[in-house]
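Chemist: My request is simple: use the sequences and hints to build the entire structure.
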Amino acid sequence: MNFDLSEEQVMLADQARGLLKARATPDRLRALISEGADWDEPLWREIATMGFLGAALPVEHGGLGLSQLDLGVISEELGRANAALPFFSSIVLAADAIALGGSEAQKARWLPRLAAGELVAAFAYAEGLGDWRGRELRTVFENGALRGVKTPVADAGVAGLAVVLAEVGGEAGLVLVDLDQPGVSRTRLDSFDQLRPHYSLEFLNARAEALPTGRPETLERLFDRAAVQVAFEAVGGADACLTMARDYAMDRQIFGRSLASFQAIKHKLADLAVAIELARSNAYFGAWAADNALEETPAAAAAARLTGAAAFEMGARENLQIHGGIGYTWEANCHFYYRRERTLAVSLGSSEHWADRLIASEIQSPAEAV
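In the numbering used here, the protein residues as written are 1335 to 1704.
No wet-lab data here; the hints were simulated from the structure.
Mixed in with the good hints, there may be bad ones.
Pairwise CB distance ranges (calculated) [what the hints assert, rightly or not]:
1. 1442 x 1380: 21 to 27 Å
2. 1598 x 1690: 34 to 40 Å
3. 1355 x 1382: 16 to 22 Å
Keep in mind that this is a model prediction, so the values were computed, not measured.
All C-beta atoms in this analysis are idealised placements derived from N, C-alpha and C, irrespective of residue type, glycine included.
Modeler: Here it is in structure tokens:
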């Protein structure tokens, strides 16, 4: 099967890349960090105007009704630019959670505002160290009130709404809570990735409402779809690292020769290019499987998540190594991608979790076929 991008998807990628290359420059990223800003708000308004935020949301709720692969095209370009935007939190997780598990009234109330960029949402699932799966949730929704602590929560500083993983009626469920109310407090954490700040959210009987179908089955589908988008973002970041390392190696002169002329450097770059193409292929397949709700989706999502993380880790590390000592300085751009890679590496759970999910999915498939 051919998973090449269509002509329209290539145009979408070019449009996103051109905008982000012009707006999310390294100087702009440094300025945001120096200012202590949580996000690039002007750029957020601009991508909202271009329809990127509502790309995969339903047409009847202000979106464009595009596919997960179309959304992946945007995620890849955001990863390539390392943009300081709450796209993953607000659109890939929170908005998709409402689209998958919300009531018609909830969808009509929140999705148009999220698609238009008028509102930013956070997705709160972690409760400190360790994987949240298989653990008793300490955040509880009962009688219309939410209590507990979620930490870390990406982009919660700019969010007006949160989708919270909590115990609902004795099982894991999703709850909507307005963050601008007396029962909610936010504490900014010291985040390793300064362009994707994290917060701790404490709920003290905050008013909230549950998503009617935000149950374990919906959660697994949501996390699988989000894992594919993480893979796309990682592919974009890894590809940016490859380009950066290649350009530096071609310009750097050592012992009277271009650094890129040394065979060891060529092999490093070639190995990275292969890893990126493997990850990109898995991301394409994962998006296609998610769009068609195939039984292979859990395995495809896990494979995409694993290979995307591996490619980005290789890219971020090799980029630093090829740059040498200059790569570790503030003036070089390598640290932007190294910090984002380390953050993405633990997004939605560890690689061990996704490896276990891949293995479990493959073991179950033959039995189901019989």
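Chemist: Compare the structure with each hint and give your call.
Modeler: We went through each hint and held it up to the structure:
1. 1442 x 1380: 21 to 27 Å: Between residue 1442 and residue 1380, where Cβ atoms are some 26 Å apart, the hint holds.
2. 1598 x 1690: 34 to 40 Å: 35 Å Cβ-Cβ, so the 34 to 40 Å window holds.
3. 1355 x 1382: 16 to 22 Å: 19 Å, holds
Hint violations for this structure: none, all hints satisfied.
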